[in-house]
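Asks: Read off the chains here:
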Amino acid sequence: MKSASVFKNLAMPMALVVIAAFFAVKEPAFLGPRNLTQLLIEFSIVATLALGMFMIILTGNIDLSVGSGVGLVGGVSAVLVFQHNWPAPLAMLAGLSAALMLWSLMGTLIVKQRIPSFIITLGGLLIFKGLFWLVIQNSTIPVSRGDTDNLFSILTTYYLPKTVGLAVAAGLVLVLGFIQWRARAARASHQLPVPSVAQALAKWVAMAVGLIGLAIVCNHFRGVPLSLLILGATAFTVYFLTRHTPFGRYLYAIGGNEEAAVLSGIAVDRIVIGAYVLMGVTVALTGFMMTAYSGAATTTVGDLMELDAIAACVIGGTALKGGRGTVWGVLFGALIMTSLLNGMTLLAVSPEMKFIARGAVLALAVWMDVKLAKR
Amino acid sequence: MPAALLEARHLTKKFPGVVALREVAFDLRAGEIHALCGENGAGKSTLIKLLSGIHPHGSYEGELHVDGRTVKFSNIRDAEAAGIAVITQEFALVDELSVAENIFLGREPCRRGCIDWLGMNRRASELLADFGLAIAPETPVSVLGIGQKQLLEIVRAMDKKSRVLVLDEPTAALTEQEVAVLLDHLRRLRTQGTACIYISHKLDEVFAIADRITILRDGASITTLETPAASVPLVIKHMVGREITDLFPRKPSLQLGDVQLAVRGLSVAPTAGEAAFLHEISFELRAGEVLGFGGLMGAGRTELLMHLFGAWGHRMAGDVALRGTPYPKPDPRTSIRRGLVLASEDRRRYGLVLQQEIAFNLSLSSLRQFVGFGGQLNAPAEHVRNQHFFNSLRVKAPSQHARVGGLSGGNQQKVVLGKALMTGPTVVMLDEPTRGIDVGAKLEVYELINRLTAEGKAVILVSSELPELMGMSDRIIMLHEGHLGGHFTRAEFTQERLLAAAMGRAPAAAA
Chain A
1 MKSASVFKNL AMPMALVVIA AFFAVKEPAF LGPRNLTQLL IEFSIVATLA
51 LGMFMIILTG NIDLSVGSGV GLVGGVSAVL VFQHNWPAPL AMLAGLSAAL
101 MLWSLMGTLI VKQRIPSFII TLGGLLIFKG LFWLVIQNST IPVSRGDTDN
151 LFSILTTYYL PKTVGLAVAA GLVLVLGFIQ WRARAARASH QLPVPSVAQA
201 LAKWVAMAVG LIGLAIVCNH FRGVPLSLLI LGATAFTVYF LTRHTPFGRY
251 LYAIGGNEEA AVLSGIAVDR IVIGAYVLMG VTVALTGFMM TAYSGAATTT
301 VGDLMELDAI AACVIGGTAL KGGRGTVWGV LFGALIMTSL LNGMTLLAVS
351 PEMKFIARGA VLALAVWMDV KLAKR
Chain B
376 MPAALLEARH LTKKFPGVVA LREVAFDLRA GEIHALCGEN GAGKSTLIKL
426 LSGIHPHGSY EGELHVDGRT VKFSNIRDAE AAGIAVITQE FALVDELSVA
476 ENIFLGREPC RRGCIDWLGM NRRASELLAD FGLAIAPETP VSVLGIGQKQ
526 LLEIVRAMDK KSRVLVLDEP TAALTEQEVA VLLDHLRRLR TQGTACIYIS
576 HKLDEVFAIA DRITILRDGA SITTLETPAA SVPLVIKHMV GREITDLFPR
626 KPSLQLGDVQ LAVRGLSVAP TAGEAAFLHE ISFELRAGEV LGFGGLMGAG
676 RTELLMHLFG AWGHRMAGDV ALRGTPYPKP DPRTSIRRGL VLASEDRRRY
726 GLVLQQEIAF NLSLSSLRQF VGFGGQLNAP AEHVRNQHFF NSLRVKAPSQ
776 HARVGGLSGG NQQKVVLGKA LMTGPTVVML DEPTRGIDVG AKLEVYELIN
826 RLTAEGKAVI LVSSELPELM GMSDRIIMLH EGHLGGHFTR AEFTQERLLA
876 AAMGRAPAAA A
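Protein chains in written order, with the numbering used here: chain A, 1 to 375; chain B, 376 to 886.
In short, the hints are calculated from the structure, not lab data. The reader is advised that the hints may include incorrect statements.
Straight-line Cα separation of at most 20 Å, EDC-like style, residue types lysine to aspartate or glutamate; simulated pairs [to be verified]: (1) B:389 x B:593; (2) A:112 x B:470; (3) A:321 x B:732; (4) B:389 x B:438; (5) B:524 x B:470; (6) B:536 x B:407; (7) B:524 x B:501; (8) B:771 x B:501; (9) B:704 x A:269.
Let the sequences and hints guide you as you build the complete structure.
Replies: Set out below in structure tokens:
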């Protein structure tokens with residue numbers, strides 16, 4: 001048990017280091033500030049979606065429709081901005097509302113009609129794809145009119161000014177330190193064991209070095225990308241929900257043993273619908289970022305993203321049967337997935353090989369899931 | 376002395392942090408039924424897993440001999456080839472396949488590469504007839520009862536030419552009648568030379584059938600007794616390492632409180648539109664008392680509890696009131712909020728999230744108590760509360776962060792009870808709370824029941840074991856095929872009366 005968890009804890013960082021080292025040797029620019037910033041933006045997009053998927057998978061369900069959903073939400077907003085001249089925030093709000101509606105509908109169907117989520121969302125995959133192409137009329141719809149920037153278009157092109165980026169990082173370090181200290185004091189006041197001061201301090205310093213280092217690296221290019229902040233906020237929210245609220249606890253319980261969850265007085269239906277509604281929110285966020293990153297809504301936006309999101313979860317140790325997984329794992333999984341895709345693009349690997357590599361990684365991840373579940 | 380068919384010497388099996396078996400010695404003679412007794416966690420399951428190749432050779436120390444020759448099993452197939460067949464509580468049957476298909480699963484008789492259906496079904500019906508089982512070979516296994524499934528497993532094992540049958544708690548879910556049938560079959564197999572390792576918590580069965588009894592405690596083999604020379608108190612003494620004087624320490628409350636639960640004319644169908652399964656059930660439950668529910672398998676005890684809790688059935692008629700307030704549309708969430716809790720009989724299925732920690736499970740129904748600022752769980756407060764129940768229920772585990780799936784049955788049951796009690800209930804419904812748990816843990820459950828009624832809570836106890844039901848209840852209601860079969864006060868308790876009521880031959884005392 002112990003050795004397995006140590007292996008699990010070290011396997012992902014090691015895989016990431018190996019991948020990074022491989023690409024860096026083949027193409028030193030991989031670790032340059034420019035490419036790293038690019039990678040971080042792509043990471044933010046995939047990871048945001050994966051975090052929504054994470055909560056779905058925790059309950060033992062799945063969502064195959066998110067890739068098409070990403071395209072659809074981005075498409076609806078782009079059409080409203082470009083063809084109907086709506087202000088970007090309003091258009092995005094409309095896109096978000098559409099996502100909330102569709103995902104609460106799917107969640108309700110899954111729960112109330114007892115249709116397997118695999119089937120409902122497979123239907124969603126096709127229906128949303130069709131709706132998406134109808135909405136954009138199979139054409140390319142830019143996210144802004146002319147050359148003027150709007151809130152939509154800057155999502156993946158805006159960078160925090162260098163001093164602001166550093167200040168945000170420093171502020172985060174202080175806030176995280178404060179939270180850590182508060183939790184520690186609360187534990188101590190209940191006579192619970194607390195980690196030693198040295199350990200806590202070491203953890204905090206490591207966090208500080210990581211966050212400020214990240215900001216400095218980004219500042220070597222254009223600064224901390226806005227999309228990274230969006231991911232940060234999403235990750236914090238999902239972390240808080242899953243670790244510190246009854247809602248999160250119930251997600252794990254439902255995935256672990258749904259019948260026991262019902263008899264424990266958990267409103268299983270409401271919780272699962274809630275997970276799908278939150279999935280809708282992350283689909284919308286990802287839809288905006290992904291469409292902005294492509295510069296326009298085109299028929300291929302969001303293609304296969306559901307698989308990247310699922311792969312990120314599974315690589316990160318989320319059990320497909322539900323009941324097991326962490327936010328940190330999902331973020332790591334997404335980082336591994338994005339590094340692979342980004343590195344292959346940088347090396348100009350052919351699309352054929354990219355598909356094959358993507359599939360192999362997904363299969364490998366599920367195989368690992370099966371292996372780990374047996375323990 | 377006859378030669379040992381199977382012999383284990385100096386078996387030691389270590390798991391990280393635990394020694395499950397230490398220097399265990401065990402021998403099995405041809406044609407004997409050898410019972411293995413011990414509390415949960417004593418090492419019975421581990422020993423079986425060694426004998427059956429689930430824990431392969433090399434993962435333990437010591438030696439195994441079959442017919443005097445050293446054997447090294449690396450998997451279950453090796454053990455089966457040596458003639459050892461294990462029948463566990465979870466059947467290895469495929470519900471969707473037929474009886475015959477299950478018997479021959481993995482070794483289907485073939486002719487020219489195709490399954491020989493006719494031959495297979497004919498052979499299966501011969502085997503079934505040998506066992507006196509009136510089951511058609513093409514019956515799907517899903518329609519069989521638990522007792523029949525158990526026998527089917529034995530039929531399958533015998534057709535594989537097994538010489539050693541290992542039965543792990545074979546009667547845990549059987550009715551008395553089914554138990555009698557099973558024991559008869561085992562006796563018949565014994566005369567044919569088949570040896571049997573029989574594991575059961577039910578000591579009366581052990582004494583009825585075993586030739587010898589080996590007792591394990593804390594991973595060590597304490598002693599092996601010839602059954603005629605043993606007695607129930609002696610076996611229990613060896614199992615727990617101390618003497619237990621009072622098996623059922625029920626102390627009835629001196630004064631009962633108000634009516635907590637009133638049920639009048641309750642009729643329930645499995646789903647809307649079906650015929651009623653429970654018919655016109657009426658009873659009252661007062662604070663401080665233990666009301667026992669008995670009856671044969673399928674009498675509707677579990678269904679009644681599940682319905683009151685809100686997890687089963689469609690109410691056709693009748694009223695239920697909780698502390699005087701009508702409760703027409705029950706659901707588990709509302710029930711828990713209103714102080715009505717259920718500890719289910721099937722704890723692994725309905726009670727626990729096995730891969731999670733003890734703490735996770737204990738507080739699962741009570742998280743509302745710990746919600747603080749911004750919807751956040753107050754983790755330290757939760758920890759303290761969990762620790763309180765962890766300690767007071769005396770859960771045997773390294774800490775409240777141990778995984779529930781790794782606990783013994785008795786400790787899992789304590790977690791289920793703790794989860795129910797943490798919600799602060801007034802009416803506690805216990806469905807077979809001591810099923811499959813050992814004597815020591817049973818006593819702790821009984822003491823807990825006393826504590827609950829002393830605190831003024833009302834308890835409903837469902838049990839298939841009449842001595843337990845009679846020992847721990849203040850009143851008993853027997854159910855018979857969904858009807859009230861009889862109502863008895865403590866002075867009226869006799870096994871004969873209760874059984875008569877369970878079979879629908881109620882004396883005048885019927886309520």
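Asks: Evaluate each hint against the coordinates.
Replies: Checked hints:
Restraint check for residue 389 of chain B and residue 593 of chain B: the C-alpha separation of about 13 Å stays at or below 20 Å, so the hint holds. Annotation: proposed proximity of residue 112 of chain A to residue 470 of chain B is violated, straight-line Cα distance about 27 Å (limit 20 Å). This hinted pair checks out: residue 321 of chain A and residue 732 of chain B have alpha carbons roughly 18 Å apart, not beyond 20 Å. The suggested pairing of residue 389 of chain B with residue 438 of chain B holds, with an alpha-carbon distance near 15 Å, which does not exceed 20 Å.
For the hint pairing residue 524 of chain B with residue 470 of chain B, the CA-to-CA distance comes to about 10 Å; that is within 20 Å, so the pair holds. Of the pairs offered as hints, the one joining residue 536 of chain B and residue 407 of chain B holds, with about 17 Å between alpha carbons and a cut-off of 20 Å not exceeded. The hinted pair formed by residue 524 of chain B and residue 501 of chain B meets the criterion: a straight-line CA distance of about 17 Å does not exceed 20 Å. Straight-line distance between C-alpha atoms of residue 771 of chain B and residue 501 of chain B comes to about 49 Å, which puts the hinted pair past the 20 Å bound.
A C-alpha spacing of about 17 Å is found between residue 704 of chain B and residue 269 of chain A, which places the hinted pair at or below 20 Å, so the restraint holds.
Consistency with the previously given hints fails for numbers 2, 8, ordered from lowest to highest.
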